[in-house]
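**Student:** Produce the entire structure from the sequences given, and follow the hints as far as they go.
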Amino acid sequence: MIAKNGKGVFGGVALGTIKVFSDRGKVEKRFVNDISGEVQRFKDATDKAVKQLEGLYEKTKSQVGKDEAEIFEIHKMMTTDNDFQAAVENKIKMGINAEAAVFETGEDFYNRFKSLNDAYMSQRAVDVKDISQRLIKILSGEAEEMSARGEKYIIAASDLTPSQTMRLDRESIAGFVTEHGSENSHTTILARMMNIPAIIGVKGIADDIYDGKTAAIDGSSGTLYIEPNETTLKRLEDKRKKFEDERELLQKFKGRETVTKDGKKIMLYANISNMTDIDMVLANDAEGIGLFRSEFIFLESQTYPTEEEQFRVYKKAVEKMRGRRVIIRTLDIGADKQVDYFDIPKEENPALGYRAIRICLDRPYIFKTQLRAILRASAYGNAALMFPMICTVEELKKAKEILNEAKKELEEEGVPFSKGIEVGIMIETPAAALISDSLAGECDFFSIGTNDLTQYTMAVDRQNNRVMESFDIRNEAVLRLIKMTAENGHKEGIWVGICGELGADTSLTADFISWGIDELSVSPVWILELRKNILEISAK
Amino acid sequence: MKEFEYTILDKEGIHARPAGVLVKTASMFGSKITAENKGREVDMKGIFGVMSLAAKYGEKITVRAEGSDEDEAIEEIKRVLKENL
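Protein chains in written order, with numbering that gives the first Met the number 0: chain X, 0 to 539; chain S, 0 to 84.
FYI, nobody ran anything at the bench for these hints, they're computed from the structure.
As the structure is a computational prediction, the values presented were derived from the model and not from experiment.
Fair warning: there could be bad hints in the mix.
As the list claims (entries may be wrong) - Within a straight-line C-alpha distance of at most 27 Å, the following computed DSS-like cross-link-like pairs (lysine-lysine) qualify: (1) K241/X x K151/X; (2) K23/S x K128/X; (3) K58/X x K23/S; (4) K113/X x K1/S; (5) K55/S x K128/X; (6) K81/S x K315/X; (7) K92/X x K136/X; (8) K81/S x K314/X; (9) K10/S x K406/X; (10) K319/X x K10/S; (11) K55/S x K314/X; (12) K490/X x K397/X; (13) K10/S x K314/X; (14) K407/X x K10/S; (15) K37/S x K315/X.
**Tutor:** Written out as structure tokens, the structure is:
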């Protein structure tokens, strides 16, 4: 047994097989003599891939839904496609190994799709990459596709980028261990969202030598045990049970209204960054979605998602929430969330650079497409809109102008949408908090993003481990800005919420409510605990 | 040999899902079945072929079937096209 220490960022205990997460580059190219044997090896790999895909199809169908499962059926057709199979075989017949033949064929097909002058089809190019990666993994005897056998994995990585985390199969993840990352990085947020333990700052863990080894995570102490012994396992099992019992107790707060002792109703909403999170939202009985991080649609995509594609996602979200409010935050990329096809040059200071609403106002065609999609979805449920990173009244006015253009277009086209859709803004810069009195007259609600607000108020990069100590989210300066925003919002008669991580801090809940905060939006896992807390306090 | 023309009425064109449905349908028949769009003809039993048609809203595709079960194949594909596209 080896024990490694890091910083636990989410409690709980997990057991699983370590999966070292790395993006694979090219494969080794060899010349082979036994050509028919190599062709057979490829055929066997194809059969195996088909079995894996069938397993994934069934699993996804039963756990998520038929629509989501269909992609695996398409992948199966691609894997067995005659053109594809023949192309690989022809390459093998020229005397190269199956891995290289699959890799090269995959690249050819990828480029062929990419060059199709069709945004939708060029996006499917990524599926081609997926199927060839699967075949290469099987051929080179690498660990089987995650979750194909219902195994649980502990993901080990240097640090996970948002686009990587989006691609993970969440059902099969037991925990995260990363070398880098901070308490506010995406790995951490994702772990909280998924309610699984995570440890950051574990030196050397992204090394291939750990791949496939069994391990246990103790999230509360921040310890990773590689090949744990009996005693450790027994101790962790007891700990896990205790942790789960506590969660169990919270179940009785489901279905209850969130009101303070003296009768003030608090809107208790959840933050989501993926469609599957909605199941967590419903399971934990959140009263709405306070932060729908729409950028996941862009991060998951290889090119700009079309209006139709976005519309389907938003529509599904509002329908699933059945009349509960769904606050869709418009695109927030740049800074730590980069998307290749946006082609944004490297910046010295991305957090202070070209991001979020700045990109949207600079590229109104992208922005309007998203606004049209959200507006159209508003006809199917209770959708609201929220702009990120607003610093000035002018920015808000410009964003609203584009929104009005989108509304006008839809009206002329006779497309239905909710005319009274609420428009709010994130308060996540000190500038916005300081002029919140002027901003309040221009929108329907404020939602305070505490992570960015802390980063910009304290002048501390939230991705930088070295200054993590100074990232004090509970600093007096940050709290004063929150209080000020609440007061200014209420003067203009609009509601004010908090959608950052700080909203889940129960030591501050009483303060927030006494300042008049009307809404708290947190990771789904915190909902019940927060409700329990609110029921016990008085607003005055 | 039998053939017919069909105009795509789905706003998104032949995207991945309906392409999959078409391939599945065509694969049920022994006849050789092809689809043509803008002069490009592909085997309808392969997903890469059907997707590479990149047939969009308003475009006309020509479906051809040749073999002992060509009549049934044509009828079934017509039905599936109407239902999905």
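**Student:** All hints, please: hold or fail.
**Tutor:** We went through each hint and held it up to the structure:
| no. | hint | in the structure |
| --- | --- | --- |
| 1 | K241/X x K151/X | 21 Å, holds |
| 2 | K23/S x K128/X | 22 Å, holds |
| 3 | K58/X x K23/S | 21 Å, holds |
| 4 | K113/X x K1/S | 33 Å, violated |
| 5 | K55/S x K128/X | 24 Å, holds |
| 6 | K81/S x K315/X | 25 Å, holds |
| 7 | K92/X x K136/X | 21 Å, holds |
| 8 | K81/S x K314/X | 25 Å, holds |
| 9 | K10/S x K406/X | 21 Å, holds |
| 10 | K319/X x K10/S | 24 Å, holds |
| 11 | K55/S x K314/X | 23 Å, holds |
| 12 | K490/X x K397/X | 24 Å, holds |
| 13 | K10/S x K314/X | 17 Å, holds |
| 14 | K407/X x K10/S | 21 Å, holds |
| 15 | K37/S x K315/X | 35 Å, violated |
The structure is inconsistent with the numbered hints 4 and 15, although it conforms to all the rest.
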